[in-house]
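Colleague: The primary structure of each chain is shown beneath.
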Amino acid sequence: SAVISQKPSRDICQRGTSLTIQCQVDSQVTMMFWYRQQPGQSLTLIATANQGSEATYESGFVIDKFPISRPNLTFSTLTVSNMSPEDSSIYLCSVEDYGSSTDTQYFGPGTRLTVL
Amino acid sequence: QKEVEQDPGPLSVPEGAIVSLNCTYSNSAFQYFMWYRQYSRKGPELLMYTYSSGNKEDGRFTAQVDKSSKYISLFIRDSQPSDSATYLCAMIPTAGGTSYGKLTFGQGTILTVHP
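Quick note, the sequences are listed as chains A and B, same order. Here the first sequence is numbered in this note's numbering, starting from 1 and rising by one per residue. Here the second sequence is numbered in this note's numbering, starting from 1001 and rising by one per residue.
Keep in mind the hints are simulated off the structure, nothing from the lab. Some hints here could point you the wrong way.
As the list claims (entries may be wrong) - The list that follows gives simulated cross-link-like pairs (lysine to aspartate or glutamate, EDC-like), each with its CA atoms no further than 20 angstroms apart:
#1 B:Lys1056 x B:Glu1015
#2 B:Lys1002 x A:Glu58
#3 B:Lys1042 x A:Asp87
#4 B:Lys1042 x A:Asp26
#5 B:Lys1042 x A:Asp11
#6 A:Lys7 x B:Glu1045
#7 B:Lys1102 x A:Glu54
The following block holds chain A by itself, in its conformation from the complex:
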């Protein structure tokens, strides 16, 4: 399976600022996904990021708040803009690994964000 890393692993930010989270994969993948996991909750898909096209956002998530870049097949970034305490969450990227025998998703370790 693909090996996924995220930076930073955690951060504490002030209200009104922005944070960019990086996701790096050790192999080329077509589909990358960004999820949010709020405290005590399950994972909610924010957007799908495919290389060469605009990210596709789920209901309740907008590009102005969560701009995403996907410059190549091994890298993506998610920015959390104009943060508020409600954005405190774990942000996870995942990839769909077509090289494996299943077309399911593998997750990075997550970025734990606290907004004060």
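Following the hints, position chain B against chain A.
Modeller: Using the frame of chain A, we list chain B on its own:
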């Protein structure tokens, strides 16, 4: 009503017990079913992947899918303290279309296996 329902627990069992974790779903379009294990402060780790109804076994883990009842289960035999984690079920529709690739997760069940 949520598309996927999972009892959040917490579930506490003694070492060696058989653990049964379950999810129900309402969307008949779901065709692929997964179980992820998430340790504290870590990302979800894929445990089991199944397609279609039936059982799939991998070591101490057995995944069961009953599409007619829209019900999936994960059984852990001879549970160990190292199995203590949150277990998340996840589902995905048939390949193709606008729903392709979109995992829908259950809430997760917190499991503690005590020595």
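Colleague: Can you name, in rising order, the numbers of the hints this structure does not satisfy?
Modeller: 1
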